[in-house]
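Visitor: Top to bottom, those sequences are chains A and F.
For the first sequence, position 71 (counting from the first letter as 1) is numbered 71 according to the working numbering, and the numbering increases by one without interruption.
For the second sequence, position 220 (counting from the first letter as 1) is numbered 220 according to the working numbering, and the numbering increases by one without interruption.
Check the hints yourself; a few may be wrong.
[What the hints assert, rightly or not] Quick list of in silico lysine-lysine cross-link-like pairs, DSS-like style, CA-CA up to 30 Å: (1) F/Lys19 <-> A/Lys422; (2) A/Lys430 <-> F/Lys19; (3) A/Lys76 <-> A/Lys57; (4) A/Lys327 <-> F/Lys19; (5) F/Lys187 <-> A/Lys76; (6) A/Lys181 <-> A/Lys32; (7) F/Lys259 <-> A/Lys429.
It should be emphasised that the hints constitute simulated quantities derived from the structure, not laboratory data.
These numbers come from a predicted model, not from an experiment.
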Amino acid sequence: MRTMFVTAVAVMLLLTAASLVAEPEAEQQQVKIDAWSILPESGKKQLHLQLSKDFEKENPNATIVWNFIPQGDMEKKLPTAIAMGEAPDVWSQSYRTVTEFQNHLAPMTDADAKFMGYGTVDGYRKSWEAGTLDSYSIGKNIYGLPWQYDLYGYLINTEHFLAAGLDPNKDYPKYWDDVVKLGKKLTITEGGRIKRQAVSFPYANPAIWYFMMIQPMLMELKSPVMNADGTECLINSEGAVRAVSEIKRWFDEGIADRNISATNEYVVLCQQGQVSMFVGNVVEAPKAYGVTNPIVKGKLKAIPNPTFPGTEPASGVGSWAYSVNAKSKIKPWAWKFADYIAKDPMLYMEKLGALIPRQGWSQSELVKQLDDPALIVQMQKNTYPSGLLKDFTTVSEPIKTAIQSILYENKDIRSTLDAAKKAVDAAIKK
Amino acid sequence: MVVFMVVPMLAALGISFTKYSILEPPRFIGLANYVEIFRFPSFWNSLWVTARYVFVRVLVIMTLGLFVSIVLNQKIPLFRTFQSIYFLPYVFPLAVTSVVWKVIFRPYGLMEQLTSLVGIVSVPWLSSSAYALWSILITTIWSGLGYYSILILAGLQSIPEEVVEAAYIDGASWWQRLYRILLPLLKPTLFYVTIVALIGSIHGFAPFLIMTAGGPGESTRVIGLMIYQYGFAQLRMGFASAMSILLLLIILALTLVQKRALQGGGDGD
Chain A
1 MRTMFVTAVA VMLLLTAASL VAEPEAEQQQ VKIDAWSILP ESGKKQLHLQ LSKDFEKENP
61 NATIVWNFIP QGDMEKKLPT AIAMGEAPDV WSQSYRTVTE FQNHLAPMTD ADAKFMGYGT
121 VDGYRKSWEA GTLDSYSIGK NIYGLPWQYD LYGYLINTEH FLAAGLDPNK DYPKYWDDVV
181 KLGKKLTITE GGRIKRQAVS FPYANPAIWY FMMIQPMLME LKSPVMNADG TECLINSEGA
241 VRAVSEIKRW FDEGIADRNI SATNEYVVLC QQGQVSMFVG NVVEAPKAYG VTNPIVKGKL
301 KAIPNPTFPG TEPASGVGSW AYSVNAKSKI KPWAWKFADY IAKDPMLYME KLGALIPRQG
361 WSQSELVKQL DDPALIVQMQ KNTYPSGLLK DFTTVSEPIK TAIQSILYEN KDIRSTLDAA
421 KKAVDAAIKK
Chain F
1 MVVFMVVPML AALGISFTKY SILEPPRFIG LANYVEIFRF PSFWNSLWVT ARYVFVRVLV
61 IMTLGLFVSI VLNQKIPLFR TFQSIYFLPY VFPLAVTSVV WKVIFRPYGL MEQLTSLVGI
121 VSVPWLSSSA YALWSILITT IWSGLGYYSI LILAGLQSIP EEVVEAAYID GASWWQRLYR
181 ILLPLLKPTL FYVTIVALIG SIHGFAPFLI MTAGGPGEST RVIGLMIYQY GFAQLRMGFA
241 SAMSILLLLI ILALTLVQKR ALQGGGDGD
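Chain F on its own, in the form it takes in the complex (with noise of 0.2 Å):
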C-alpha cells in the first residue's frame, strides 16, 4: 500500500513542484506549474469535457445498471446466461473494445447499418466534436454496464425477500415497492456504485486516446488524457504531476460529499 499508492502519490506531489522532463534532473520551480494550469484554457475545456462525460456516464450507467439488475432479479429463464451476457464486454480490455467501436462507427460501419433501419444515415460519429463525446460514451457505458449492474444485482439480492412479498401482500404496487422498499434498502450499494462508477469514469482515458486522441479539436480531450499527453508525449513531467495532484484532490472531494450524503441518508432507512 505505502510503496503502490502512498509513494507515487507523494512522488508526485513533489514533482508538481518542479521543471521535470525526465531526461534532466528535476529543477524546483515552486507553484508555477499550477499557476500556468489555472491560467491554461485547455486545461478549463478538459475539466469541462471531463464533467460532461463523467456526468452523463454514471447516470446512464445507474439508470440502466439498476434496470437491468432488476430485470436479473426476477428469476427470469436463462437467467445465469442473461448474466454472462452483460458482463461479458466487462471481460475485454477497453482498448481492444475501443478498438473494435472505432470500425463500428466507420462510414458504413455496423453502426450506420443499425441506424439506417430507422432511417438515420452517416452520422459523422467520431469527425464531429457533436458526436465523438457520445461515441465515446457509448463505447464505454456497454462495456462497463455489466459489471455496474452485477454489483447492483448482488445489492438487490441481499435484500430479504420477505420484505418485498410482505408490501406485495400489503398491496404495494410494483413502482411503490421500488421507491419505497428496494430503492431505500439498496442505498448503501448504490453509492458504491456510484463512486466506483464516478472514479472510473474520471480515470479513463483509454478510449479516448484510441477513439479520437483528444479530437476533432480539443472537444473530446479529457483530463486523463491530457495528462497522459503532457508527461509521456511531451515529457513535461512537472506540468503533468501538477493536473494529476489537482485530479486527485476534485477525486477527493468529490468522495467525501457522497460520504457526506451517504451518511445523511442513513443506511437506507
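Excised from the complex, chain A in its bound form (with noise of 0.2 Å):
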C-alpha cells in the first residue's frame, strides 16, 4: 500500500514536472503571424517592419509575414478573406468599421492581457492614456490596439498670416466667424478669381473628410448626428444647419473656391502652400510637413478648432488599429504582437513626430518634442472619435451627397438636409 502511494505521488509529481516543462515548450512552438496592413511606403512602413524584426528577435519563435495592401484594395479584398475563411491573424482595422467587423474580431481575453504580461484586459486597458481604447471597444470588450493615432484640429500656414500683416500667435481664428473675416485678409485673387484659398473643403476625399469639417461644429452645437441609440438621424438639426450654413459661407464669401477643391485633393493643396488654414493632424502636421515633406510651403502651427460664441472646442481623433481575427488559432500571440507594435511611444515621436497615447505619455520626455505640449494634452482630453457612428458607411454617404449639394449645387440647406436624414433613416431601417 505504501509502496502504491509512494508511486503514485511519484507519478503526480512527475506529470506535474512535465507539464511544467511543457507549457514552455508550447510558447517556443513556431508561430507564424500573419498580418495585412494598409501602410504605404512611408516612414511608418518602416518602423513597423523595424518592429517587426524586434519582435522576432525577442521572441524568436515567431515569424511575421507581412502584406502591406492599399487601403482601397483592403476594403474589397478582407471581406472577401474572411468569407473565405483566409483572412490573417492581424489586420490593420479602422474604429469606423469595428461594428461592421465585430463578429469577425477577437476581443481580448484576460489569457491573451496574461500572456502579454498585464494580467488582465482591465490592466491592460490601463496601459493606455484613458478613452484612447473606446473607438475600438464595444461593451468591456477591446477589438483592436490603435498604431495610428490622429488628433485633429486647426492648422495655420504662419507664412500666409505673416504676409498678410496677421500675427499667427494672437491673429488665428478663435471663432468660427473669424475664419470668415481672417480668409477675406489671406485670400489671394487675380482678376476677381480665387487664386489661394483661405480654406478649402475636401469634396473629392471619403466621407470621413465631410465629419472631420462638420463635426467639431455639430460637437460645439451639441447637435448629434445621430440620436443615442443610432435609430435616427438628427442631421437635419438646428445645429447642423447652422453648421453647414457656416462651411457654405466660405464660399459665398469668396475665400474658398469651388472648381479649385473640386478638382484638387484637399492634402495636396495643403501640403503645396495653396490653403491658409486648415484641417489636419496637429501633432503629425506640422513636424511631418515640415521637416519630411520637402513639398510643402510654409509653416504650419496647430490651433484648437474655433468655435461659436459661448461654445468649447471640440476635437475629433481617428485612428487605425491592428485587430485580430476571431478565427486566428494563435490569438494570444497576435494580440502580443499588436501591442508590440504600439508599445513605445517615444520611437514615434522621435522617428515620425506621431503620437501614440500610452498611459504617462504627456507626462514623459516625449511632449518636450512636441511644438506646443499645452495645446496637444489639452486638445487630447477633450476628443471624440470623428465618425464614429453605427454603420458609418450607411449613415455618411447620404450625407455627404446632401452638403456636396448645398455647397457646390447652391441647394436649399433645410430641405437638402431634411432629405438626407430620410434617407438615412430608411437605409438604417432596411
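Reconstruct the complex from the two isolated chains, following the hints.
Guide: Here it is as C-alpha cells:
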C-alpha cells in the first residue's frame, strides 16, 4: 500500500514536472503571424517592419509575414478573405467599421492580457491613456490596438499670416466667424478670381473628411449626427443647419473656391501651401510637413478648432489599429504582436513626430518634442472619435451627398438636410 | 464561358434575392431588394444620368467616328500616322486618362487656356452639375473615338471601290454617295459599333469614380458607379446585385431592339 502511495505521488510529481516543462515548449513552438496592413511606402511602414524584426528577435519562435495592401484594395480583399476563411491573424482595422466586423474580431481575453504580461484586460486597458481604446471597444471588450492616432484640429500657415500682416500667435481664428474675417485677408485673388484659398473643402475625399469638417461644429453645438441608440438621423437639426451654413459661407464670402477644391486633392493643396487654414493632424502635420515633406511651403502652427461663441472647442480623433482575427489559432501571439507595434510612444515621436497615447505619455520626455505640448495635451483630453457611428458608411454617404449638393449646387440647406435625414433613416431601417 | 460568364450571372441573380454583406452569410429576402430599388429616388436619378450620358456619347462617337473614318479612308498622306494618332488615346487605361483629364479641367489648367482663346474663362468643369457630365463625356469620347473610328474604317474598307466609283461615274454627288451607297452598305458595321459603344458606355464607371465620384450631389452618379458604391463601399451585395440584374435586363432589351432594327433594315440593301 505504502509502495503504491509512493508510486502514485512520484507519478503525480513527474506529470506536474512534465507539464511545467511542456508549457515553455508550447510557447516555443514556431508561430507564424500573418499580418495585413494598409500602410503605404512611408516612415511608418519602415518602423513597423523594424518593430516586427525586433519582435522576432525577442521571440525567436515567432515569424511575422507582412502583406501591405493599399487601403482601397483592403476594403475589398479583407471581407472576401474573411468570407473564404482566409483572413490573416492580424489586420489594419478602422475604428469606424469595428461594429460591422465585430463578429470576425477576437475580443482580448484575460488569458491574452496575461500572455502579454498585463494580468487582465482591465489591467491592459490602463496601459493606454484613458478613453483611447474606446474607439475599439464594444462593451468591455477591446477589439483593436491603435498604431495610428490622428488628433484633428486646425493648422495655419504662418507664412501666409505674416505676409497678410497677421501675427500667427495672436491673430489665429478663435471663432468660426474669424475664419471668414481672416480668410478675406488671406485669400489671394487675381482678376476677380481666387488664386489661393484661405480655406478649402475636401470635395473628392471619402465621407469621413466631410465629418472631420462638420463634426467639430456639431459637437460644439451639441447636435449629434444620430440619436443615442443610432436609430434616427438628426442631421436636419438646427445645429446642423447652422454648421453647414457656416461652411457654405466660405464659398459665398469668397475665401474658398468651388472649382479649385473640386479638382484638387485637399491634402495636396494644403501641403503645397495653397491653403492658409485647414483641418489636419495637429501632432504629426507640423513636424511631418516641415521635416519630411520637402514640397510643403510655409510653416504650420497647430491651433484648437475655432468655436461658436459660448461653446467649447471639440477635437476629433481618427485612428487605425491592428485587430486580431476571431478565427486565428494564435490569438495570444497576435495580440502580443499588435501590442508590441504600439508599445513605445517615444519611438513614434522621435522617428515620425507621431503620437501614440500610451499611459503617461504627457508626463514623459516625449512632450518636449511637440511644438505646443500644452495645446496637444489639452486637446487630447477633450476628444471624440470622428465619424464613430454605427453603420458609418450607410449613414455617411447620404450626408456627404447632401453637403455636396448644398455647397456645390447651391441647394437649399434645410430641405436638403431633411432629405438626407429621410434617406439615412430609410437606409438604417433596412 | 460557363465559369466566367454564366456562373457569375447566376450568382448575381441568386444574391439579388438576399441580404448579403460578404461578412455574414446571405439571408433570403425574396424581392425586397427589387422593391427597394424601385422606390429609391437615387436609382431613378442614376438611370436618368446614365441615359443622358449614353445617348450623347453614342451619338457623338457614331457621328464623329463616321466622319473621322471617312476622312482617313481618303488615302490622304500620312494616313497610317493619323490612324495611329486617333487610336492612341484608346491605348491608355481609362483610369489614367481620367486622372489626366481631371488635371486638364482644373482652374488655370489646359482646358481653360484653350477656352480662353475664344473668350471663355473659368468654366466650373467638374464642380458644377451643369458641366460635370459634359466634362466626363469629353474625356470618354476622346478616349474611345479612335477605337470606334477604326472599326467603322474597317467596314468602309470592305466596301468594293468599284461600287463607289460606278456611282461617281454616274454623276452622284459626295452626299449622294454617302447616303445612298456608303451608309447602307455600312449598316451592319454601324449597328455593331452602336451596340458595342452602347454597352461600353452603360458599363463605364471608372471616369465617374475618379473625376467626380458621382458628384456634385448625384449629378454624375451613373448606374455602374452606384452598383460599385453600394456593393463595395457599403457592402450591400444583395442590393447591388439586384441593380446589376436590372442593368443586365436593360442592356439585353436595348440589344434586342437594335437586333430587330438590324434585321428590319436588312444587310444594307
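Visitor: Sort out which numbered hints this structure fails and list those numbers smallest first.
Guide: Hints 3, 5, 6 and 7 are the ones this structure does not satisfy, whereas the remaining hints hold.
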